[in-house]
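Asker: From first to last, the protein sequence lines stand for chains A and B.
Residue numbers 1 to 430, in our numbering, belong to the letters of the first sequence in order.
Residue numbers 1 to 112, in our numbering, belong to the letters of the second sequence in order.
Please keep in mind that the hints were generated in silico from the structure rather than gathered at the bench.
Ideal Cβ positions, reconstructed from N, Cα and C, are used throughout, including at glycine.
You may find that some hints are simply not true.
[What the hints assert, rightly or not] Distance windows between CB atoms, simulated:
hint, chain 1, residue 1, chain 2, residue 2, range
1, B, Y51, A, G364, 40 to 50 Å
2, A, F391, B, W92, 53 to 63 Å
3, B, P10, A, H272, 18 to 28 Å
4, A, F391, B, V45, 53 to 63 Å
5, B, S34, A, H415, 22 to 32 Å
6, B, S34, A, Q173, 58 to 68 Å
7, A, G204, B, T5, 51 to 61 Å
8, B, Y51, A, V365, 35 to 45 Å
9, B, I86, A, Q206, 27 to 37 Å
10, A, A245, B, G84, 39 to 49 Å
11, A, H415, B, T5, 37 to 47 Å
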Amino acid sequence: MDEVVLSAGDTAWVLASSALVLLMTPGLAFFYGGMVRAKSALNMMMMSIITIGVVSILWVIYGFKIAFGYEADSPWYGSFSTSGLGDVVNELANNGGVYPIPLLAFAVFQLMFAIITPALISGAIADRTKFFSWAIFVAIWVTVVYFPVAHWVFAFGNKVGDTVTGAGYLASQGVQDFAGGTAVHINAGAAGLALAIVLGKRIGWQKSPMRPHSLPLVLLGASLLWFGWFGFNAGSALAANGIAALAFINTQVATGGAVIGWILTEKFRDGHPTTLGAASGAVAGLVAITPACAFVEPWAAAVIGILAGIACALAVGLKYKLGYDDSLDVVGVHLVGGIVGSLAIGFFGTSKILGLDGLFYGGGVELLGKQALGVALVMGYSFVMTLIIGFLIEKTIGFRVKSESELVGVDQAEHAESAYELGGVLKGGR
Amino acid sequence: MKLITAIIKPGKFDDVKNALRAAGVKGMTVSEVSGVGRQGGHIEVYRGAEYPIDLIGKIKLEILAENKDVDSVINTIVKAASTGSIGDGKVWATPVDNVVRVRTGEKGEAAI
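Take these sequences, add in the hints, and give me the full structure.
Answerer: Now the structure itself:
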């Protein structure tokens, strides 16, 4: 076998993509922060920011090895050892084959995925979460849920010659998830549902108005997410090549389609196309195209986007019927969008590009079956484990703030700050 | 002496203020208030969930006037604030026992 030589172009793209993906988490903080009431905007944003801190540290201690180690040769986890990332400066990444990029570039790129996934969950428990308990939850959740699930989905094993060691279960079953429809979005969506159940409804939910306090912030956040998502999807090619370009254009097309799908649904159902709907539609489209972005043609990406926009716009109403307070619709957007995108590969996937033919390309239901397996396994595991972790935290250190704190606002109770100076003369405003 | 209080549409505030200036009214106190009347509220929709907004933002003007000026001040406000549609607001006058100018200690109509 010829020795693979480091590619400066690929490495530059993966490093730049890593920075793009990191930006998604502060973007998410704005997206979520604008959607809550002014009295809890900071707590909402801080849940994203602390996730960056906690997961970054755990990743270099043991997280990378649980997700991408191969030493244990297990389909369920990588290996339990310290990441030892200082010893591998000159090593190339090997994930089902050697890539001409440093192992460390691969490690930092994947770290950003491990950060945003738990941050996404926080939208389900807005306005009522103890900050410290959230930080503990993130540490436990990534350890027992994200790191192993990333191994199932993203670890293609260490390939030397024809021997592959330590490939993840879903990856070796041929479940297709290019950038994280299952590992990131279904995972976070199912966890969000579990935590919304653990923490319960906010005081006054469905009785008093809980309007988004700043739609411009929501739109800013959605825009940063959209921008960063090009790193998420096109960066997942781990190369600056045609697949990356395909993932890039598919990401754009699907997102455009989903904006249209969502606001058309609103226009027909509620009478007005809304700003929140456009921002939410963009995120729904980004979610749905994530698993599919390198497996489908651009026309199919447009269809997937429009379908995701419509499906998610309809799904966000479910919580009122089912009675769970998933405050910012982590289920309606990420779980539903992730399922739409993951299953869509079973219909629109084509061997002209990568992988297998889906139903519409004459491949039968084989691929759809694999995709359904990935969806079900990740959704079930994440939901059950998150329920257990959530209840453990609730019963020990408490997960939800006292009702007095909830009424004055978690910002004041948990952080001794307020997002805005809303007072006039008497409150020191001037 | 009377205290004239007017609740008007925020969009008509500049018209009212300019009309009062032109009519020779020298002082007023203005605050942003919210309230509900015959106009009722409106419905906002976020991700398909409807939120009734009951209270509507208005501007409140307070003006102290000598008895002889009360009718003309009220007429000036009513004329300038009117759009003819529901929600234009209300103006009323209440009796005032005494007024003191803080700087000079002047009392009664001399303090207006």
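Asker: Are the hints correct? Go through all of them and say.
Answerer: Going down the list of hints, with the structure as the test:
1. B/Y51 - A/G364: 40 to 50 Å: At roughly 48 Å between Cβ atoms, A/G364 and B/Y51 fall inside 40 to 50 Å, so the hint holds.
2. A/F391 - B/W92: 53 to 63 Å: Holds, since A/F391 and B/W92 (Cβ atoms, about 59 Å apart) stay within the stated range.
3. B/P10 - A/H272: 18 to 28 Å: holds (22 Å)
4. A/F391 - B/V45: 53 to 63 Å: Because 35 Å falls outside the window, the suggested range is violated.
5. B/S34 - A/H415: 22 to 32 Å: holds (29 Å)
6. B/S34 - A/Q173: 58 to 68 Å: Holds - the Cβ-Cβ distance for B/S34 and A/Q173, about 59 Å, lies within 58 to 68 Å.
7. A/G204 - B/T5: 51 to 61 Å: violated (33 Å)
8. B/Y51 - A/V365: 35 to 45 Å: The hinted range 35 to 45 Å holds for B/Y51 and A/V365, with Cβ atoms some 44 Å apart.
9. B/I86 - A/Q206: 27 to 37 Å: holds (30 Å)
10. A/A245 - B/G84: 39 to 49 Å: Given range 39 to 49 Å: violated, Cβ gap about 60 Å.
11. A/H415 - B/T5: 37 to 47 Å: Check passed, 41 Å falls within 37 to 47 Å.
Hints 4, 7, 10, counting from the list given before, are not met by this structure.
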